[in-house]
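Enquirer: In order, the protein sequences belong to chains A and B. Per this note's numbering, residue 376 is the first one in the first sequence, and the count goes up by one each step. Per this note's numbering, residue 348 is the first one in the second sequence, and the count goes up by one each step.
In case anyone wonders, no lab produced these hints; they're calculated from the structure. Note that the Cβ used here is the ideal one computed from N, Cα and C, for glycine as well. Do not take every clue at face value.
Ranges of calculated distance between the beta carbons of each label pair, as one might list FRET restraints [unchecked claim]: (1) 459/A x 362/B: 18 to 28 Å; (2) 407/B x 388/A: 38 to 48 Å; (3) 458/A x 397/B: 53 to 63 Å; (4) 385/A x 397/B: 25 to 35 Å; (5) 377/B x 401/A: 44 to 54 Å.
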Amino acid sequence: MPSTATLKEYDAHIDAKKRVTIRGVSHGFFRVVHRKDGSILLKPRALVDAPISGRTLRGMDAAIKNLRAGKHSKPVDLKKLAAMKA
Amino acid sequence: MAKFTVEMGLPEMESLWNELLSKFENGTLAGDERLLLKKLRKAILFLAENPTHPGLTSHEIKPLSDRYGQKVWQSYLENRTPAAGRLFWTYGPRKGVITIIGLEPHPESGKSRGYDRLRLSKMRAGEGSGIGERPERGSRGKGK
Numbered sequence: 376m377p378s379t380a381t382l383k384e385y386d387a388h389i390d391a392k393k394r395v396t397i398r399g400v401s402h403g404f405f406r407v408v409h410r411k412d413g414s415i416l417l418k419p420r421a422l423v424d425a426p427i428s429g430r431t432l433r434g435m436d437a438a439i440k441n442l443r444a445g446k447h448s449k450p451v452d453l454k455k456l457a458a459m460k461a
Numbered sequence: 348m349a350k351f352t353v354e355m356g357l358p359e360m361e362s363l364w365n366e367l368l369s370k371f372e373n374g375t376l377a378g379d380e381r382l383l384l385k386k387l388r389k390a391i392l393f394l395a396e397n398p399t400h401p402g403l404t405s406h407e408i409k410p411l412s413d414r415y416g417q418k419v420w421q422s423y424l425e426n427r428t429p430a431a432g433r434l435f436w437t438y439g440p441r442k443g444v445i446t447i448i449g450l451e452p453h454p455e456s457g458k459s460r461g462y463d464r465l466r467l468s469k470m471r472a473g474e475g476s477g478i479g480e481r482p483e484r485g486s487r488g489k490g491k
């Protein structure tokens, strides 16, 4: 079955708050395209992780390089941390 | 009792952590630094206890795993709020150890607001969510 095949077709109406209810959707986010002829197209979108800045990436590159060279910090004192009131 | 020992990556994460701790001890933490330390403290304690803690929303970042040739995980500093801060960590260098290698947004980066926005993919339905898998419980190093 082609990915654009029709699965459902029904009439919908605008409610008092100018909303339309879409039934049984599988996605949480959509790109909405309003066409000149009045049709509205919803294209599914998925959340992606926010980008990582160059600075953080460079820091991680160095951390991994040092990790492989056997350089690492002292362990975080978890007891002290648990007792801390930040 | 903590399952994992937590260490900081060198040099950035260690210097940031030491700076935060020394400012805390001296009572010279600024408002945003105090908030960051509070969130980091909570996240580190969760990580040491259980890296799969629901509050951390830990998941693998595949592009970073590919970049470094070992699994790199991301955890949120605030429950379900990636914009509030994200920790990047990896298992190792020894069994039962987690090393925090990065923090985003970087506290000294003036462009941090640029990463607060929600980003959506251009994926079509059925092509996957783009979100990495969750770490398995105790996937490396069963702790001490």
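Enquirer: Each hint needs a verdict: does it hold in this structure or not?
Expert: Each hint, compared with the structure:
{"no.": "1", "hint": "459/A x 362/B: 18 to 28 Å", "result": "holds (19 Å)"}
{"no.": "2", "hint": "407/B x 388/A: 38 to 48 Å", "result": "holds (44 Å)"}
{"no.": "3", "hint": "458/A x 397/B: 53 to 63 Å", "result": "violated (20 Å)"}
{"no.": "4", "hint": "385/A x 397/B: 25 to 35 Å", "result": "violated (45 Å)"}
{"no.": "5", "hint": "377/B x 401/A: 44 to 54 Å", "result": "holds (45 Å)"}
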